[in-house]
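Listed in order, the protein sequences are those of chains A and B.
To convert, note that position 201 of the first sequence is 343 in the working numbering; the numbers rise steadily by one, no gaps.
To convert, note that position 174 of the second sequence is 316 in the working numbering; the numbers rise steadily by one, no gaps.
The hints are simulated quantities; they were obtained by calculation from the structure and are not laboratory data.
Hints are not guaranteed to be accurate.
The list treats identical chains as interchangeable, and a pair is accepted whether it falls inside one copy or across any two copies.
Unchecked claim - Taking lysine-lysine and the BS3-like style, the derived pairs with C-alpha atoms no more than 30 Å apart in a straight line are:
hint, residue 1, residue 2
1, K249, K279
2, K288, K199
3, K279, K350
4, K354, K288
5, K298, K334
6, K157, K354
7, K199, K294
8, K287, K359
9, K287, K199
10, K354, K287
11, K294, K227
12, K298, K279
13, K380, K298
14, K260, K317
15, K354, K199
16, K359, K313
17, K350, K334
18, K350, K317
19, K157, K334
20, K199, K359
21, K359, K227
Number of protein chains: 2
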Amino acid sequence: MRRQSKRDKMDRLDKALDSLREGRPIFIYDADGREEETDIVFASENVSHDEVRFMRKNGGGLICTTMADDVAERIGLPFLVDVFKTAQAVHPVLRNSLPDTLPYDTKSAFSLTFNHRKCYTGITDIDRALTIAEFGKLVRSVQEKKCENPLKAFTKAFRVPGHVFLLRTSKELLKDRNGHTELSTAMCLMAKLPPTATICEMMGDDGKALTKPAARKFAESQGFIFLEGHEVQEAWDKWSG
Amino acid sequence: MRRQSKRDKMDRLDKALDSLREGRPIFIYDADGREEETDIVFASENVSHDEVRFMRKNGGGLICTTMADDVAERIGLPFLVDVFKTAQAVHPVLRNSLPDTLPYDTKSAFSLTFNHRKCYTGITDIDRALTIAEFGKLVRSVQEKKCENPLKAFTKAFRVPGHVFLLRTSKELLKDRNGHTELSTAMCLMAKLPPTATICEMMGDDGKALTKPAARKFAESQGFIFLEGHEVQEAWDKWSG
Numbered sequence: 143m144r145r146q147s148k149r150d151k152m153d154r155l156d157k158a159l160d161s162l163r164e165g166r167p168i169f170i171y172d173a174d175g176r177e178e179e180t181d182i183v184f185a186s187e188n189v190s191h192d193e194v195r196f197m198r199k200n201g202g203g204l205i206c207t208t209m210a211d212d213v214a215e216r217i218g219l220p221f222l223v224d225v226f227k228t229a230q231a232v233h234p235v236l237r238n239s240l241p242d243t244l245p246y247d248t249k250s251a252f253s254l255t256f257n258h259r260k261c262y263t264g265i266t267d268i269d270r271a272l273t274i275a276e277f278g279k280l281v282r283s284v285q286e287k288k289c290e291n292p293l294k295a296f297t298k299a300f301r302v303p304g305h306v307f308l309l310r311t312s313k314e315l316l317k318d319r320n321g322h323t324e325l326s327t328a329m330c331l332m333a334k335l336p337p338t339a340t341i342c343e344m345m346g347d348d349g350k351a352l353t354k355p356a357a358r359k360f361a362e363s364q365g366f367i368f369l370e371g372h373e374v375q376e377a378w379d380k381w382s383g
Numbered sequence: 143m144r145r146q147s148k149r150d151k152m153d154r155l156d157k158a159l160d161s162l163r164e165g166r167p168i169f170i171y172d173a174d175g176r177e178e179e180t181d182i183v184f185a186s187e188n189v190s191h192d193e194v195r196f197m198r199k200n201g202g203g204l205i206c207t208t209m210a211d212d213v214a215e216r217i218g219l220p221f222l223v224d225v226f227k228t229a230q231a232v233h234p235v236l237r238n239s240l241p242d243t244l245p246y247d248t249k250s251a252f253s254l255t256f257n258h259r260k261c262y263t264g265i266t267d268i269d270r271a272l273t274i275a276e277f278g279k280l281v282r283s284v285q286e287k288k289c290e291n292p293l294k295a296f297t298k299a300f301r302v303p304g305h306v307f308l309l310r311t312s313k314e315l316l317k318d319r320n321g322h323t324e325l326s327t328a329m330c331l332m333a334k335l336p337p338t339a340t341i342c343e344m345m346g347d348d349g350k351a352l353t354k355p356a357a358r359k360f361a362e363s364q365g366f367i368f369l370e371g372h373e374v375q376e377a378w379d380k381w382s383g
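Produce the complete structure using the sequences and hints provided.
This is the structure we're talking about:
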């Protein structure tokens with residue numbers, strides 16, 4: 143295999159940012175020795191039912207919507223672990239079941255699960271797409287400081303719990319944590335999009351995560367961009383530094 | 143179409159109970175005018191990674207594990223809405239986002255999400271199957287009163303939050319509510335299995351739930367039993383009455 147030139151790398155990164163802006167998926171593998179999983183990634187605003195179907199058929203994991211920590215803070219969307227800690231006194235099961243450490247990281251990114259209020263059951267591709275795309279619009283308006291009361295806007299539009307998982311990034315994004323939550327949200331920021339991506343892990347037919355070569359092959363055979371976490375990290379360091 | 147005889151009905155119900163006991167799926171459509179969704183249903187104890195793959199490929203909805211209300215009570219697994227209510231004082235977003243009513247029912251069945259402690263990421267088919275099957279074993283031991291401390295057994299084996307959704311039935315099962323949570327758990331009880339099923343909604347390619355005729359056709363073409371909610375209800379009334 144020929145060695146990748148610096149030029150090639152930039153081209154692929156730029157193409158990935160174009161893909162996100164234009165509603166196409168990109169594929170991000172985190173890192174050897176971490177989860178070793180590839181996620182399908184869309185910009186949340188661009189998700190329609192076709193993209194939800196694409197994720198569940200070609201990914202097969204959980205369909206989750208990320209949000210940058212500062213946006214989550216402004217809306218008031220906590221980590222699920224923090225909600226559970228608050229409820230420990232009343233619900234003893236939450237006292238000894240919260241993770242101190244995960245095998246691959248120190249902290250889970252899970253926030254609340256939610257549905258748009260106009261959903262019927264919440265689980266159809268149309269319903270999940272509505273939840274995701276409307277959240278994308280809310281994040282844009284919060285990000286652009288056009289939303290006077292983000293908390294009220296959220297509770298007016300959405301109900302909790304629901305069928306889409308929210309994931310909250312770490313505070314300092316890729317400085318703190320290198321999960322798909324942070325990698326995909328950093329890509330949105332570099333694409334000048336609202337900092338929310340919708341992601342889904344790719345599963346293999348053998349019970350395990352789809353291998354990196356198989357995920358790369360799938361992505362490239364369809365003309366999509368496959369990135370590794372370190373490529374996103376390098377671009378981010380340059381962009382944010 | 144010929145009218146179904148009483149004999150045919152019983153045969154199909156019995157075949158469905160055999161299927162559950164033998165680790166095969168059954169398909170349950172709730173009712174016209176309710177969710178109008180068909181769920182793939184397995185007895186939780188019998189779930190391996192092949193069954194998880196079957197559900198995500200042929201269903202496409204959320205993979206959820208049910209538990210009878212009395213088992214949930216003995217373990218101490220609350221409805222998620224009740225956890226969120228407890229945390230409302232600290233997390234204002236939970237004050238105005240909880241559902242008073244759902245379009246198709248009065249109450250959501252969501253309890254906690256969880257992973258077995260031996261999971262790696264929690265989302266692979268192998269990991270989800272481990273979580274589900276081990277929960278099936280715990281429910282069996284709680285049901286058979288062989289578990290001295292169900293709460294401790296749960297927190298020792300599982301962590302919260304995770305990648306599998308727990309669903310808790312209504313208190314009086316099919317007397318109170320006729321969702322897939324209750325229908326599938328009632329089938330487990332009638333099959334003399336621990337009262338926990340693992341279920342996944344079937345989606346169509348048009349963004350909506352798979353239609354009843356298409357779900358029936360899929361099930362029957364593979365030699366599996368397709369039931370409607372009212373058939374489960376009739377059998378349950380006779381069995382529990």
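Query - Ascending list of hint numbers which this structure does not respect - result: 2, 4, 7, 8, 9, 10, 13, 16, 17 and 21
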